[in-house]
Amino acid sequence: MSERIDVLIIGAGPAGVAAGIGARREGAEKVVVLERDWDLGGILQQCIHPGFGLRTFKEELTGPEYMHRFIQQAHEAGVEFRTNTMVFQIDTSNDPSVLSGHLPFAGEAKTPHVKGERAIHGEGVTVWTMNKERGIEALNPSSIVLTMGCRERPLGAIRIPGARPAGIYTAGTAQRFVNMEGYMPGKRAVILGSGDIGLIMARRMIWEGAEVEGVYEVMSWPGGLRRNIAQCLDDYGIPFHLRTTVTKIHGQDRLEGVTVAEVDDHMTPIKGTERYVECDTLLLAIGLIPENELSRMAGVDIHPVTGGPVVNDLLQTSNPAIFAAGNVVIVYDLVDNVSDEGLIAGANAAKFAMGKIPADAKRIPVKGGENVRLYSPQFVTGEADSTIFMRVTHPIEQACKVFASADGEEIYSQRLRYARPGEMNEVRIKAEKVKANPNISSITIDIQPV
Amino acid sequence: MSEERKFICVSCPLGCGLTVTLDDSGEVSKVEGNTCPRGASYAKSEVKDPRRVFASTVRVKGGKLPVCPVRSKTPAPKGKLFEITKAVAELEVEAPVKIGQILIHNVCGTDADIVASRDLEAV
Chain A
1 MSERIDVLII GAGPAGVAAG IGARREGAEK VVVLERDWDL GGILQQCIHP GFGLRTFKEE
61 LTGPEYMHRF IQQAHEAGVE FRTNTMVFQI DTSNDPSVLS GHLPFAGEAK TPHVKGERAI
121 HGEGVTVWTM NKERGIEALN PSSIVLTMGC RERPLGAIRI PGARPAGIYT AGTAQRFVNM
181 EGYMPGKRAV ILGSGDIGLI MARRMIWEGA EVEGVYEVMS WPGGLRRNIA QCLDDYGIPF
241 HLRTTVTKIH GQDRLEGVTV AEVDDHMTPI KGTERYVECD TLLLAIGLIP ENELSRMAGV
301 DIHPVTGGPV VNDLLQTSNP AIFAAGNVVI VYDLVDNVSD EGLIAGANAA KFAMGKIPAD
361 AKRIPVKGGE NVRLYSPQFV TGEADSTIFM RVTHPIEQAC KVFASADGEE IYSQRLRYAR
421 PGEMNEVRIK AEKVKANPNI SSITIDIQPV
Chain B
1001 MSEERKFICV SCPLGCGLTV TLDDSGEVSK VEGNTCPRGA SYAKSEVKDP RRVFASTVRV
1061 KGGKLPVCPV RSKTPAPKGK LFEITKAVAE LEVEAPVKIG QILIHNVCGT DADIVASRDL
1121 EAV
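Here the protein sequences come in this chain order: A and B.
Heads up: the first sequence runs through residues 1 to 450, numbered per this note's numbering.
Heads up: the second sequence runs through residues 1001 to 1123, numbered per this note's numbering.
No lab work stands behind these hints: they were computed from the structure.
We put the CB at the ideal spot given by N, CA and C, even for glycine.
Cut-off 25 Å, straight-line C-alpha distance, at most; resulting in silico cross-link-like pairs (DSS-like, lysine-lysine): (1) K58/A with K1073/B; (2) K187/A with K1086/B; (3) K1078/B with K187/A; (4) K187/A with K1080/B; (5) K58/A with K1078/B.
According to the in silico footprint, chain A covers these stretches of chain B (three or more CB under 8 Å from chain A): (6) 1012 to 1022; (7) 1045 to 1058; (8) 1110 to 1120.
The whole structure should be built from the sequences, with the hints applied where relevant.
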């Protein structure tokens, strides 16, 4: 029989730490957050620039400062953290024969709260962990919150001809080298992609005495926030090239340069626009992908577009005992949103552990309109007020509105001055609007010019 | 002759496009495009005395990490940033470091202090 854990949270970044706080505040007794690193805070440990938490704390903090405040709150709330602890397997079957090896199957079904077909999945979830002191353990929590965050899209995800010399890093890897390990990746950098981490790293490299030849973005619009283009590129005269990409990598052992070229409407390089750029470092800021290896092991449904678990507005996955929050679900633009979602997921996981989430909650599907690239959650229960986060496919550089309609009837509308893919938009659904109409078959969200 | 200047507000993630009008004596007479009072005060500061929060690392002796993140507690004059990068690069501190600990007072003769932005334990 393993120890009793009410809510088990995987990952102590902004989402996981907030989930711990949310779970304890909701009344869960034993709340444990697992973290594979030796320290808490996740990726924000290396995001040492200011710009975090303006909405939550009314001031702009650096990443470590932002996490410091949340970690303090978590300690005060009585959240237990286990660092240097790696989850290597999640099983959702009660059948010991499916488990590999001869380790004792330590769980009895402890979550009888949900009856019906799906309850089978909620019972007997086993999380296998590894830690130098504690060894290998099988934990059987009453509920789980997945908060593993996201990873950077690597070089292998985009096809660039040429060799693979040293000197090519994702922007986040370079950020870790510079800000936590005290190494500079090189002296003259080219940045491919205009995600915020790339923009932030451009300024960081300049401040550390390197040159940044330019930032190249294949799309017609920037991937990151406008203020980061202003304060990280414009402030230092770093050229920003839209509709331009890297088409070749030069150098054998060490990167010597790249070829860049403009692209047409189909993102095909235009002949005659190629230019050779000498550099010893290429940083990639070409997108983030939710990290769901464990979610897949747990068997929860993964959304093909977000790349994260399908969730309802309680942030509950297709397995009712498993919740998910933060960049593991959908890549957010602001950490304040990640923390808010963590608090909600933690609170609902606690409610589930205490048998307070109705098994017969509604499952109203949310549909994205024409200009919605991705959104989350994908289902609404109407059990509480909820926020649906979304990103547009194409920028709208004029007055527009973000709205939601339930079977054609508008239930939310907000005017916007513009909508851009780099910034998320929100739709807020009042629980009373859902409850008022018990027959809603779907909710459609969209952003259109007005 | 009044003069118009345009820039992006960096006070928050919205990044409003600001248009600032200066009167004959170089004083700000109008700010447009901002959605909040922070934008107006940013515009005025950007014209008269542009400032940025500086963030970097310092070397640490005997810490769990070889470097500790630092920041200017308040925004520092933009024109002094490169001088500040050098002052910070030369500094080495001993672990443990406490968050908020002042590491350089009035860096490079500015009114900004350089403070640690995380706790860093000794090994």
